[in-house]
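**Q** Protein chains in written order, with the working numbering: chain A, 1 to 242; chain B, 1 to 242; chain C, 1 to 242; chain D, 1 to 242.
Check before you lean on any hint, since a few could be wrong.
Unchecked claim - Derived Cβ-Cβ restraints for the label pairs, each shown as a range:
(1) C:Thr227 to A:Glu7: 30 to 36 Å
(2) C:Gly222 to A:Val146: 16 to 22 Å
(3) C:His20 to A:Ala124: 54 to 60 Å
(4) B:Lys110 to D:Pro220: 42 to 48 Å
(5) C:Met230 to A:Val146: 38 to 44 Å
(6) A:Ala124 to B:Glu17: 53 to 59 Å
Said to hold, decoys possible - Distance condition first, Cα-Cα at most 27 Å in a straight line; then the derived DSS-like pairs of lysine-lysine:
(7) A:Lys172 to A:Lys141
(8) B:Lys2 to A:Lys176
(9) C:Lys226 to B:Lys207
(10) D:Lys196 to C:Lys47
(11) C:Lys221 to D:Lys163
(12) B:Lys163 to A:Lys226
(13) B:Lys200 to A:Lys221
(14) C:Lys11 to D:Lys196
(15) D:Lys226 to A:Lys219
(16) C:Lys226 to D:Lys226
I should point out that these hints are in silico values taken from the structure, not numbers from a laboratory.
In this text, all values refer to a predicted model and were calculated from it rather than measured experimentally.
Just so it is clear, CB atoms sit at the ideal spot from N, CA and C, and this is done for glycine as well.
One-letter residues, chain by chain:
4 protein chains.
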Amino acid sequence: MKILINERGKKFLAGSEDLHTDQGYIKNEEIQSSSPGDMLETHIGHKFRVLDANINDYIELMDRRCSIILPKDLGVMASFTGLGNGHQVVEAGTGAGAATIFLSNIVGEKGHVYSYEIREDFAAVAEKNIREFGLENVTIKCADVVSGINEKNVDLIFLDLPKPWDVIENAKIALKFGGFLVAYTPYVDQVKLLTKILKKRGFSDIKSIECILRELEVKPKGIRPKTRMMGHTGYLTFGRKI
Amino acid sequence: MKILINERGKKFLAGSEDLHTDQGYIKNEEIQSSSPGDMLETHIGHKFRVLDANINDYIELMDRRCSIILPKDLGVMASFTGLGNGHQVVEAGTGAGAATIFLSNIVGEKGHVYSYEIREDFAAVAEKNIREFGLENVTIKCADVVSGINEKNVDLIFLDLPKPWDVIENAKIALKFGGFLVAYTPYVDQVKLLTKILKKRGFSDIKSIECILRELEVKPKGIRPKTRMMGHTGYLTFGRKI
Amino acid sequence: MKILINERGKKFLAGSEDLHTDQGYIKNEEIQSSSPGDMLETHIGHKFRVLDANINDYIELMDRRCSIILPKDLGVMASFTGLGNGHQVVEAGTGAGAATIFLSNIVGEKGHVYSYEIREDFAAVAEKNIREFGLENVTIKCADVVSGINEKNVDLIFLDLPKPWDVIENAKIALKFGGFLVAYTPYVDQVKLLTKILKKRGFSDIKSIECILRELEVKPKGIRPKTRMMGHTGYLTFGRKI
Amino acid sequence: MKILINERGKKFLAGSEDLHTDQGYIKNEEIQSSSPGDMLETHIGHKFRVLDANINDYIELMDRRCSIILPKDLGVMASFTGLGNGHQVVEAGTGAGAATIFLSNIVGEKGHVYSYEIREDFAAVAEKNIREFGLENVTIKCADVVSGINEKNVDLIFLDLPKPWDVIENAKIALKFGGFLVAYTPYVDQVKLLTKILKKRGFSDIKSIECILRELEVKPKGIRPKTRMMGHTGYLTFGRKI
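All chains should be modelled from the sequences, with the hints used to inform the complete structure.
**A** The following block contains the structure:
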């Protein structure tokens, strides 16, 4: 999927029609015949770089009906579990599909992401987002993950749900030995209950972390952490089936 | 590659000989014929779970001659750049190969990691670690990355070097449009100079962040952040070729 | 100085005239004759609690022409230097006088705060704020602290200036043995230069810290750090004359 | 109270006998007749600076039988409550008296600190520490603060107890209007229960914070946050009587 970026860094998805912007338009056929790296011009001479959209470009521009989990938390989840090419992943809930796309991008063609979403409207949006981006290793399931997980021998189960503890028992069965369950929850209270249930169900290596991201402001007059900062998103709680 | 984990969570790499531990030994042929998930017993009855080693198990146990970049930083690097299956990656320096293994695990068979290491001893250790773990999509190059990057159309260049600014010009050429350069540096001074050079060389979306990880202690008497915490590892500075 | 607080927590300074609010008015004579703890009513029946203003109430309501240093940073400055009753303090620059009031409140009648401010408009505002609050142990000096510090045997010199290093030499002379210099600076670059000069001038116990404040959100549905958070204010750099 | 500091920064309390150190001894009469700022020499020629001990010097050297609350937390407590000269403070428990000394130093001769400690051994140590340092505005009470607070019209009640909620009702009565209750607790669970009880008892401006201190390492080769860092001490929960 192509995107176009103007000189101010604003991004546009290349669709099936002419691209109209506040800096002029570019004809669709011109976009279609372009290659990543090409520089196109609008009819009034503004330049747009053509790129292959990476997942973050796409997630930024796609239809999002609900809040999404941030890259910092997804990255830590992936690196702590050793997520990689060929892995089988179960996710719930799908939401708009941002985490789904992230997971799909890593596990690749040999892997697969099975994503459970109880709400039909979210499942439909996610399905659309995933198809539009061309991902073929994803199955969106409009179903309640609490009722059961059909997959077996799973490498990673990622839960972004209000009550992840309801899924622990099924998750234990679905996971392969050595596989990980990860739950993302904003509240300390959720971490507490989740940890208790993970222990009860015999999970190992239980740990809860939060990832705090701090950005530096690098300007000619000096360098300092930025004033604006996200104080909290959520905790990541890990358990491993051993 | 198999590992064995005892009841106290201690991990052992399964090599080509009998496994001797302070809880007794297990014969090599027994390990060889086991499957992930099997429970083996030492000659004095202690139980060990057999698992397929994931990358973090292996990195923990492999030969490490130098300090390695932590999973938190690798995860954020991967998620911020949209690293995925099939990507072409250049890395320098290799060190013991921990980041190399992380990158290799994500880019998979269709991707490739070209890792430059100027020191012969480090390159040899990394080569051994990577072969032992069975990774086939990695090329360790014992060469100075400052002298040149042979690869083209690269998705990600990851620099864990004291002077990453020396590589910026070559990196710009090697990257595909839309590709990312990421440098990991402990000092603010490095971030400052690096940012200046990235701007000068026309990189876009320049940003420097640090990822602070905080772990919760969840015990019956209460929940609280842990007293022990890593105060700082390094900054991740990003630039994109647009 | 009295303040009145309504049921929604909004605070009002009691001046020399009737208090008019969007919840009705209270006659000045009624306010004058009230005691802290009394509950007064506006002419339309809204209740206002009368309190003795503490310094934070007053700083919140006083005339502020410039950004002020936050309580978190003032508190750490005071506790790290052992600031207490009877201490002699030199401050520069005064700004609107928020730090001045904080310092004055701690050193008390036996102590004194000499506050240098180069800008006449700031000095005038600070003078007004300090007199209005009734502090008698403060001397505002509209002068450039770089030109000289007249005080001797000082316990603490607190610098909130762009170039605190210009004051180090004079500060060393003004301080008593065992006294502290503290500089508040937003940029890492300032910390670097300041540290260098402090070392050169023979200061001991040089240290630079930042104080990051995180607030918890405690609600019926759970407890979590707040999303909103100040990412950075400034660094506090300490040096002691020994 | 005098202290002596050697060239390596090590501090020694000046007692009533000769000072013996690993760098030689100094006669007591010489110490007694010295003034702050004087440089004394041991019999083998090592130099020691004589200083008036500030509270942090003393707390560092005094008899401490239990863990003490850190300056960062004391400082934030003082600045958020506007603690100052002349204030009446109630504290519980005393422990070794570190917070007591901090509070005493700020409230001065016109103020007073009433400190409740249920354990006789702690109360005795604190009494000794406070008398030795020469503080006259402190009353150590070996009593259970839950049984009652005798003081009235108090500016600040500071609780460093496992169950601060047991004291809330009595604290409300003892506080003046506008006065603050502050509790220091390590666990999130304590914050939750405490907040609930503070609300129930009609406290205003309830807020819970933690103060995270980060130190910079400033060296010739660069500047960076230190690797070592305290991950957590405790939360400060505030309530105001309005």
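**Q** Compare the structure with each hint and give your call.
**A** Against the structure, the hints come out as follows:
no. : hint                             : verdict
1   : C:Thr227 to A:Glu7: 30 to 36 Å   : holds (33 Å)
2   : C:Gly222 to A:Val146: 16 to 22 Å : holds (20 Å)
3   : C:His20 to A:Ala124: 54 to 60 Å  : holds (56 Å)
4   : B:Lys110 to D:Pro220: 42 to 48 Å : holds (46 Å)
5   : C:Met230 to A:Val146: 38 to 44 Å : holds (39 Å)
6   : A:Ala124 to B:Glu17: 53 to 59 Å  : holds (56 Å)
7   : A:Lys172 to A:Lys141             : holds (20 Å)
8   : B:Lys2 to A:Lys176               : holds (14 Å)
9   : C:Lys226 to B:Lys207             : holds (25 Å)
10  : D:Lys196 to C:Lys47              : holds (25 Å)
11  : C:Lys221 to D:Lys163             : holds (22 Å)
12  : B:Lys163 to A:Lys226             : holds (24 Å)
13  : B:Lys200 to A:Lys221             : holds (17 Å)
14  : C:Lys11 to D:Lys196              : holds (24 Å)
15  : D:Lys226 to A:Lys219             : holds (23 Å)
16  : C:Lys226 to D:Lys226             : holds (26 Å)
The structure fails none of the hints (numbered hints given earlier).
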